[in-house]
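The task is simple: from the sequences and hints, build the whole structure.
Spelled out from the first residue to the last, the chains are:
Protein chains: 2
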Amino acid sequence: MHVRDGAGALAERLSRLIGPRASVARAVLEQHGRSESYHPALAPDIVVFPETTAEVAEIVRLCAAAGMPIVPYGAGTSLEGNAAAAAGGACIDFARMNKVLAVHGSDMDVVVQPGITRKQLNAQLRDTGLFFPIDPGADASIGGMTSTRASGTMAVRYGTMKDNVLALEVVLADGRVIRTAKRARKSAAGYDLTRLFVGAEGTLGVITEITLKLHPVPPAISAATCSFPGLHAAVDAAIALIQSAIPAARIELVDEVMMRGINAYSGLGYAEAPTLFLEFHGTEAAVAEQAQIAEAITTEHGGHGFAWAKAAEDRSRLWHARDNTLYAGLGLRPGARAVITDVCVPISRLAECLTETRRDADSHGFVAPIVGHVGDGNFHMLILIDPDDASELAGAKALQGRMVARAVAMDGTCTGEHGVGLGKIDYLTDELGEAVAVMRSVKAALDPSGLLNPGKIFAGADP
Amino acid sequence: MHVRDGAGALAERLSRLIGPRASVARAVLEQHGRSESYHPALAPDIVVFPETTAEVAEIVRLCAAAGMPIVPYGAGTSLEGNAAAAAGGACIDFARMNKVLAVHGSDMDVVVQPGITRKQLNAQLRDTGLFFPIDPGADASIGGMTSTRASGTMAVRYGTMKDNVLALEVVLADGRVIRTAKRARKSAAGYDLTRLFVGAEGTLGVITEITLKLHPVPPAISAATCSFPGLHAAVDAAIALIQSAIPAARIELVDEVMMRGINAYSGLGYAEAPTLFLEFHGTEAAVAEQAQIAEAITTEHGGHGFAWAKAAEDRSRLWHARDNTLYAGLGLRPGARAVITDVCVPISRLAECLTETRRDADSHGFVAPIVGHVGDGNFHMLILIDPDDASELAGAKALQGRMVARAVAMDGTCTGEHGVGLGKIDYLTDELGEAVAVMRSVKAALDPSGLLNPGKIFAGADP
Numbered sequence: 045m046h047v048r049d050g051a052g053a054l055a056e057r058l059s060r061l062i063g064p065r066a067s068v069a070r071a072v073l074e075q076h077g078r079s080e081s082y083h084p085a086l087a088p089d090i091v092v093f094p095e096t097t098a099e100v101a102e103i104v105r106l107c108a109a110a111g112m113p114i115v116p117y118g119a120g121t122s123l124e125g126n127a128a129a130a131a132g133g134a135c136i137d138f139a140r141m142n143k144v145l146a147v148h149g150s151d152m153d154v155v156v157q158p159g160i161t162r163k164q165l166n167a168q169l170r171d172t173g174l175f176f177p178i179d180p181g182a183d184a185s186i187g188g189m190t191s192t193r194a195s196g197t198m199a200v201r202y203g204t205m206k207d208n209v210l211a212l213e214v215v216l217a218d219g220r221v222i223r224t225a226k227r228a229r230k231s232a233a234g235y236d237l238t239r240l241f242v243g244a245e246g247t248l249g250v251i252t253e254i255t256l257k258l259h260p261v262p263p264a265i266s267a268a269t270c271s272f273p274g275l276h277a278a279v280d281a282a283i284a285l286i287q288s289a290i291p292a293a294r295i296e297l298v299d300e301v302m303m304r305g306i307n308a309y310s311g312l313g314y315a316e317a318p319t320l321f322l323e324f325h326g327t328e329a330a331v332a333e334q335a336q337i338a339e340a341i342t343t344e345h346g347g348h349g350f351a352w353a354k355a356a357e358d359r360s361r362l363w364h365a366r367d368n369t370l371y372a373g374l375g376l377r378p379g380a381r382a383v384i385t386d387v388c389v390p391i392s393r394l395a396e397c398l399t400e401t402r403r404d405a406d407s408h409g410f411v412a413p414i415v416g417h418v419g420d421g422n423f424h425m426l427i428l429i430d431p432d433d434a435s436e437l438a439g440a441k442a443l444q445g446r447m448v449a450r451a452v453a454m455d456g457t458c459t460g461e462h463g464v465g466l467g468k469i470d471y472l473t474d475e476l477g478e479a480v481a482v483m484r485s486v487k488a489a490l491d492p493s494g495l496l497n498p499g500k501i502f503a504g505a506d507p
Numbered sequence: 045m046h047v048r049d050g051a052g053a054l055a056e057r058l059s060r061l062i063g064p065r066a067s068v069a070r071a072v073l074e075q076h077g078r079s080e081s082y083h084p085a086l087a088p089d090i091v092v093f094p095e096t097t098a099e100v101a102e103i104v105r106l107c108a109a110a111g112m113p114i115v116p117y118g119a120g121t122s123l124e125g126n127a128a129a130a131a132g133g134a135c136i137d138f139a140r141m142n143k144v145l146a147v148h149g150s151d152m153d154v155v156v157q158p159g160i161t162r163k164q165l166n167a168q169l170r171d172t173g174l175f176f177p178i179d180p181g182a183d184a185s186i187g188g189m190t191s192t193r194a195s196g197t198m199a200v201r202y203g204t205m206k207d208n209v210l211a212l213e214v215v216l217a218d219g220r221v222i223r224t225a226k227r228a229r230k231s232a233a234g235y236d237l238t239r240l241f242v243g244a245e246g247t248l249g250v251i252t253e254i255t256l257k258l259h260p261v262p263p264a265i266s267a268a269t270c271s272f273p274g275l276h277a278a279v280d281a282a283i284a285l286i287q288s289a290i291p292a293a294r295i296e297l298v299d300e301v302m303m304r305g306i307n308a309y310s311g312l313g314y315a316e317a318p319t320l321f322l323e324f325h326g327t328e329a330a331v332a333e334q335a336q337i338a339e340a341i342t343t344e345h346g347g348h349g350f351a352w353a354k355a356a357e358d359r360s361r362l363w364h365a366r367d368n369t370l371y372a373g374l375g376l377r378p379g380a381r382a383v384i385t386d387v388c389v390p391i392s393r394l395a396e397c398l399t400e401t402r403r404d405a406d407s408h409g410f411v412a413p414i415v416g417h418v419g420d421g422n423f424h425m426l427i428l429i430d431p432d433d434a435s436e437l438a439g440a441k442a443l444q445g446r447m448v449a450r451a452v453a454m455d456g457t458c459t460g461e462h463g464v465g466l467g468k469i470d471y472l473t474d475e476l477g478e479a480v481a482v483m484r485s486v487k488a489a490l491d492p493s494g495l496l497n498p499g500k501i502f503a504g505a506d507p
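These protein sequence lines map, in sequence, to chains H and L. With the first letter of the first sequence counted as 1, position 169 gets the number 213 in the working numbering; the numbers rise by one all the way through. With the first letter of the second sequence counted as 1, position 457 gets the number 501 in the working numbering; the numbers rise by one all the way through.
Don't read these hints as lab results, they were simulated from the structure.
It does not matter which identical chain is used: a pair holds within one copy or between any two.
16 Å max Cα-Cα, derived EDC-like pairs, lysine to aspartate or glutamate:
(1) Lys354 x Glu328
(2) Lys257 x Asp455
(3) Lys257 x Asp207
A quick note: this is a predicted structure, and the numbers were derived from the prediction, not measured.
Structure, rendered in C-alpha cells:
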C-alpha cells in the first residue's frame with residue numbers, strides 16, 4: 045500500500061469533518077482495494093462514507109489541498125480494477141448515499157444518489173409501473189454503472205448508461221459542484237457534459253447525483269432458448285432477428301463451453317451447443333407475434349430445441365441460468381479464478397471473432413467459456429486460471445491481448461462495457477491512437493493536478 | 045463584414061491548395077452569411093469547397109497559421125445563426141464532400157461525408173431495407189445535424205443525433221485528424237469523444253466523416269390525426285400514450301393557431317383546435333394493435349375527429365401538412381419573417397409551459413403559432429414579425445426570453461434541438477450556471493486560439 049506524506053494530517057481533518065464515517069481500519073482499507081477482477085488488490089489510505097454532496101465537495105477540497113488521490117467507490121463489482129486505489133489516497137464509498145431522491149412518474153425519470161444499486165432501485169420502483177432496465181449482471185451501484193458506461197443484457201432494446209442518464213450532479217477536482225443538464229428529455233444546449241462524465245471512471249469528477257430515464261414495465265414478457273449447430277448459425281440468426289424490425293429486448297449468446305458449465309452449476313439439461321437466450325417485451329398480442337417470428341427466423345438458421353417461457357417463474361429460471369454464468373463458468377475448473385474480459389465488434393464480424401477466439405483459447409489449453417450480448421456484437425470470455433500460477437496469468441493476458449487485437453482489426457473496441465480501468469490502458473491507444481491525446485487534454489483541463497482516480501484509463505497519470 | 049489582416053495572403057495560399065474551389069466572390073460570401081434564421085447575415089472572408097479530409101486538414105492548418113477563424117457550413121438550414129461567420133474568416137462549405145462512403149447492411153450502419161443531406165442519404169439507402177430516421181423538418185446536412193445535435197419528429201422512437209452517431213472523423217484545431225470511435229455498436233473505451241463533438245457546433249473541431257446507425261424500414265406504418273378541446277388534454281393524451289408502452293414513432297402537437305395556418309396554406313379542412321399527429325411503425329398486426337390502443341387512449345382524454353391514414357399517399361398528405369409548418373405559419377401574416385425558437389421541458393410541465401406561452405404571445409399581440417415534438421416535451425414557437433420594425437424584433441426577443449425563463453424554471457432547457465449558436469448564449473448560462481465554465485475549459489483545451497467557429501455557444505470567444 046502506498047502511504048503518502050500528510051495522510052495522517054488529512055485523516056485527522058476528514059475525521060473532524062465526518063467523524064466516525066472516516067476509517068483507516070486495515071480491514072476496511074483492504075476490502076476497498078479488492079474487486080471481482082483478476083487485478084491485484086490496491087488499498088486506499090483512508091475510506092470515507094459521506095452522506096451529502098456538501099460533504100463530498102469538502103472531502104475533495106481537503107484532498108486537493110493535501111495532494112491526495114481521490115477514488116470513488118460503489119459496489120465493488122467492476123471488472124477492470126476501475127475502483128482500485130492505484131496511487132493510494134482517499135476512497136469515497138457511496139454506501140451511505142444510496143437514496144432515491146425523487147421519482148417523476150409522468151416524466152418517467154428518477155433522481156438517485158450514486159450508492160444505490162440497480163436492484164435496490166427497481167425494488168423501490170415496484171409500485172410505479174416503471175423500471176430501470178440496464179442489467180450488467182452484477183448488482184452494481186448506479187454511480188459505478190454510470191462511471192463505467194455499463195450496459196448488459198437489455199442494451200439491444202433499451203440502450204446503455206449513455207442512453208439512460210439524463211443529467212448528473214458532479215463535484216469537480218477543485219470542489220465546485222455542477223449540474224450537467226436539466227431534466228428535459230433532450231437538449232441542444234452546449235457541450236454534452238453528461239456524456240463526458242458517463243464512462244469517465246471518476247477521472248474527471250465525482251458523481252454525486254444521477255437522473256435516470258425509466259421505462260414502462262411491459263404488459264407482457266416472453267422468453268425463449270434455442271440451440272444451434274455452431275456459433276456462425278447462432279450469430280446469423282441474431283442478425284436476422286435484428287433486421288426483422290421486431291424489437292427484441294434481449295438476444296444473448298452462450299457458447300457450448302459455458303452451456304456445459306450452466307448445466308453442471310444449475311443441474312439443468314440444456315443441449316451443450318451454442319444457444320441463444322431471447323426475450324420480448326410488449327402487449328400480449330405483440331409478444332406472441334414476436335415469438336412466432338423469432339421461432340421462424342431461428343429455425344430457418346438451423347436453430348432447434350426451442351423452449352418458450354411465458355410465466356414469470358419459468359422466465360426467472362431461464363434467466364437465472366444465464367445470469368449466473370460467472371459462477372457456472374468458475375465451476376468448470378474448481379479452485380480457478382477468472383480473467384474476465386470483453387470486446388465488441390460490428391455484428392457482421394462477430395461470428396468470425398467468436399470462432400477465432402474460441403479456437404485460440406482451446407489451442408492454448410484454456411478452459412474459457414464465452415457469453416455474449418450478441419445483439420450488440422459484444423462478448424465476454426472468462427479465462428479460468430490457477431491463481432497461484434503466474435505463467436497461467438501471463439498466458440491469459442496474452443490470450444486477451446490477441447482477442448483485443450482481433451476485435452480492433454475488425455473495427456471493434458477493446459471493451460464493450462467493462463471500461464478501461466487498469467486492464468485496458470495500452471489497448472485504448474491501440475484502438476484510438478491520437479484520439480487518446482484529446483482525452484488527455486480534456487483530463488488535464490478538468491483535473492490539472494491528476495488527483496481524480498489516477499492510474500486509470502491513461503498510463504502515467506499518477507501525480 | 046469583418047476583413048482581417050492577412051486575409052489576402054491566406055486566400056492566395058488556399059487558392060494554391062484547392063484552386064477554383066476557393067472563392068471570395070461577393071455573392072458567394074453573402075450567400076454563406078445568410079441562414080433561415082432571424083439573425084443578421086454575417087459573411088465570411090473566403091469560402092472553400094474541399095473534397096477530402098486531407099484538404100480540410102490543410103485548410104485548418106493554413107487558417108491556424110494565419111489566425112483566421114474557421115466556420116464549417118452544411119446546408120445553411122440552422123436556426124440560431126450556428127454557421128454565421130461571426131468573426132469573419134474562412135467558411136468550409138461541405139457541398140463537395142457529400143458521399144456515402146460505405147453501407148454496412150448487416151451492421152445497420154453507414155459512413156458518410158458531412159455534406160450529404162438526410163434526404164439524399166435516404167434516397168441512396170432505398171434498396172437496402174434500412175433508413176436513417178432523424179427528421180428535423182429541413183433537408184439539413186448530416187454534418188450540420190451532427191453539430192447541432194438535431195432531432196425532430198421521430199426522436200421519441202429513434203432518439204436524436206446523439207443516439208444515432210456511432211463514430212466521427214474530426215480535424216482538430218491544429219490540423220491533426222482523429223477518429224472518435226470504431227464501428228462497434230457500443231464501447232466503454234475511454235471518454236465519449238463522439239458525444240463531445242456531437243452538438244459542439246463546430247467549436248471543438250471540424251467533422252469530416254460520420255458513421256450513423258441505421259434502422260430497418262418498418263414493414264407497416266400507420267398515421268393518424270386527432271383533435272382536442274385544449275392543449276392540456278392533448279398533452280395528457282400524449283403522456284398516457286408514452287406510458288402505455290406502445291412504441292409510438294411520432295407524437296406531434298400542432299396548436300390551434302398553427303392549424304389555422306395549415307388549413308389556409310394547404311387548403312385543408314382540419315378542426316382549428318390543438319391536434320396530435322401520430323405515427324406507428326411495426327408489423328401489420330402490431331401497427332393495427334397500436335392504432336387501436338392509441339384511439340382508445342386519446343378518446344379517453346377528449347380526443348375526437350380521429351382520422352387514420354395507412355396508405356402511403358394518405359400518410360404523405362398528412363405529414364406534408366405537418367412538415368410545412370414554417371411556410372404555413374408565415375402565411376398567417378403575409379410579408380412577415382419568423383423568429384423561430386424552441387425549448388424542451390419535462391413532459392409533466394409541458395401543458396403548463398405551452399398554455400402560459402400561448403397566453404403570453406397572445407396578450408402581447410403576436411401571431412405566434414406553436415408546434416411541438418410533444419413526446420419529448422419539446423416545442424417550437426414561430427413569432428411572426430415585420431422585418432422592418434425593430435420594436436417588433438425586440439418584442440419577439442423579449443417574448444422568447446420569457447419562454448426560455450419559464451422552461452428553465454420548470455427544469456427544462458433553453459433549446460431542445462436548435463443549438464445555442466448566436467441566439468441562446470446568455471440563456472445557456474441561465475440554464476447551466478457553473479457547468480458553462482467547464483464547457484469553456486474544454487473549449488480552451490481543444491481550441492486554445494479560439495479559431496473554431498468563434499462567437500458561438502459562448503460570449504467573448506472571438507480571438
